[in-house]
Amino acid sequence: MNPTEDQIYVIIFSTLFLGGLMSTFVVAMVFIHRQRQAQNRLKMDQVKSEHEKTLLNIENEIQQETLTHIGRELHDNIGQLLSLAKLNFGSIKPEKIAEGRDILGQAIQEVRGLSKQLNLDWVESISINEFIEQQLERIQNTGFCQTSLEADFELIELPKDQKLVLIRVIQESLNNAIKHAFPDKIQIRLHENGMRKQILIKDNGKGFDSSQKLNGSGMFNLKKRMETIGGEFYLTSAVGKGTEITLTLPN
Amino acid sequence: MDERLIRALFTAYPLNTFPLYLLQIIGVICFIKLPREKKANIHYLLPFFILSFTFFYETLGAYLNYNHELKYAINAYLGNTVYPKFNLFLFNIANRQIGTILYLILIKSWLHPSKKKYITWMIYIFIVLALVLQITGMELLYLQQPIIFSIGANMILIASGIYFTGLMTHKAYLDRNPLKLLSFWQVTSMLFTYTLTYISSVALIYLYEVNPVLGRALSNINTVMTIITLGVLTLIIASPLLPNTFEKEPFYESN
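Quick mapping for you: the protein sequence lines, in order, are chains C and W. Mapping to my numbering: the first sequence position 97 is 127, numbers consecutive. Mapping to my numbering: the second sequence position 125 is 267, numbers consecutive.
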């Protein structure tokens, strides 16, 4: 074999080698792509099932909260109305009987209102603003503290899953404020921060050291829940200075 | 019509020209049939332009092999009096320089917006290097340009690598089947074209001198790979007319 032949062989084998290398590269790319695709699909399924689980938990919790509310209403409100109606019907005076009839009518209306809350259909018909108003009104009516709502926009068109999560997170944030912070005032503000909509829940209660990690607490759960719908949960608090929760809505 | 043009069109290099004519005719018909907004879309317009441009310079190259006066005159104008029969100047400008830039732009059109800047820089660097090499006389326009070819080929290989990285990492690509993506086949065919012709292109003159049969055989690889690449370009142009055959390309603004 002379040097010229050697060089020709080098050229041929180099070309074949590069061709082989590229074939291996492309086939490897397709295999890796397939693998990543499968991993991605698995991850997506996991995220989806976690999302569904979270939504189910939220629905259960909202129903539990609703049942507690209904129980309280039956005992404190409707029970009282029925007792009063019974007393009025026991009287021989016609005006008392008429009053009893009115009270009975009022009780029937209250029962109708409560029955609507037993399933979660109300979630679809109510806007977040209306829900917040109801919650704040309920707190105010108990005489626990003063409440106020400021809204720069009306949150109506939201997907059901986002609405459920927001309702639950707002509900839980308000419950926490009442149970642990004992504030004189709770303020909620709906405003736009740049391109994103935010809900600010602020109380002037006793506050806590928010520099401590949230892991394991209810707040951590709320944060995770906001993240499942692509939103954000941010909490700032200091001892004696109240608590401020910022819920950033998904785009 | 000039008789030399007719001879160049129909008798010169049937292996090169007839598949090219066929692809050009299919490409033109498909492009005409495309809706107006797709005609203006770079993802269809650029493949059509590359196909038509290739058809133009291949035909012009074949014509110059019959119109010797014109070829000699251009060579003389460029200062090539030693090899007046060469029409490498056309191949160098159209295929190795403009062609490389067009293919880089084509790959760029499939990349995620965050990756496009790398290709833009590669194009600028390629243009500057090609100009510097030619102006300084290191690589003459009318002779083989192995350095410019290898720079261009390496850039195409790097751009293909960037495309494949996106294919494996970006969610939009992970949702799709690459075997049904025309961009995948286009990049693969370009990858093979530039890889298989890398050595033979750099050592072509040497091969023709030492073993002309082998030289021609290796240069045929380039012809076949070019036709495959142009075939995929034609499929890209025709893809909106073939619904459910291929998957939608990610990062397309409007298709």
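These are computed hints drawn from the structure, not numbers from a lab. Be careful, since some hints might not be right.
Label-pair ranges, simulated between beta-carbon atoms [stated by the list, open to error]: (1) C/S53 x W/L383: 28 to 34 Å; (2) W/N386 x C/N70: 55 to 61 Å; (3) C/L148 x W/L384: 32 to 38 Å; (4) C/W152 x W/T307: 27 to 33 Å; (5) C/E262 x W/D317: 36 to 42 Å; (6) C/G50 x W/P385: 49 to 55 Å; (7) W/D317 x C/W152: 54 to 60 Å; (8) W/T307 x C/G224: 57 to 63 Å; (9) W/L275 x C/K78: 39 to 45 Å; (10) W/N386 x C/E180: 38 to 44 Å; (11) C/G50 x W/I300: 17 to 23 Å; (12) C/E262 x W/T307: 26 to 32 Å.
Built from N, CA and C at the ideal position, the CB exists for glycine as well.
ask   = Would you say the C-beta atoms of W/L275 and C/K78 sit inside 39 to 45 Å of each other?
value = 56 Å, violated
query = Is it true that the C-beta distance of C/G50 to W/I300 lies inside 17 to 23 Å, as the hint says?
reply = 20 Å, holds
message = If I claimed the Cβ atoms of W/D317 and C/W152 lie 54 to 60 Å apart, would that claim hold in this structure?
response = For W/D317 and C/W152 the Cβ distance comes to about 36 Å; the hint is violated.
ask   = Is the distance from the Cβ of C/G50 to the Cβ of W/P385 consistent with 49 to 55 Å?
value = For C/G50 and W/P385 the Cβ distance comes to about 37 Å; the hint is violated.
message = Does the beta carbon distance between W/T307 and C/G224 stay inside 57 to 63 Å, or does it fall outside?
response = 32 Å, violated
key: Satisfaction of the hinted span 28 to 34 Å by the C-beta atoms belonging to C/S53 and W/L383   = 31 Å, holds
query = Is 55 to 61 Å right for how far apart the beta carbons of W/N386 and C/N70 are?
reply = Once the Cβ atoms are compared, 23 Å apart, the range 55 to 61 Å for C/N70 and W/N386 is violated.
inquiry  = Quick check: does the Cβ-Cβ distance between C/E262 and W/T307 fall within 26 to 32 Å?
reply    = 30 Å, holds
key: Outcome of range test on Cβ distance (C/L148, W/L384; 32 to 38 Å)   = 54 Å, violated
message = Is 27 to 33 Å respected by the C-beta to C-beta distance linking C/W152 and W/T307?
response = Violated: the Cβ-Cβ distance is about 50 Å, outside 27 to 33 Å.
ask   = Between C/E262 and W/D317, does the C-beta distance stay in 36 to 42 Å?
value = 26 Å, violated
key: Distance restraint hint 38 to 44 Å, applied to the beta-carbon atoms of W/N386 and C/E180   = Since W/N386 and C/E180 have Cβ atoms about 52 Å apart, the given range 38 to 44 Å is violated.
In the structure shown, a violation is registered for the earlier hints numbered 2, 3, 4, 5, 6, 7, 8, 9 and 10, in ascending order.
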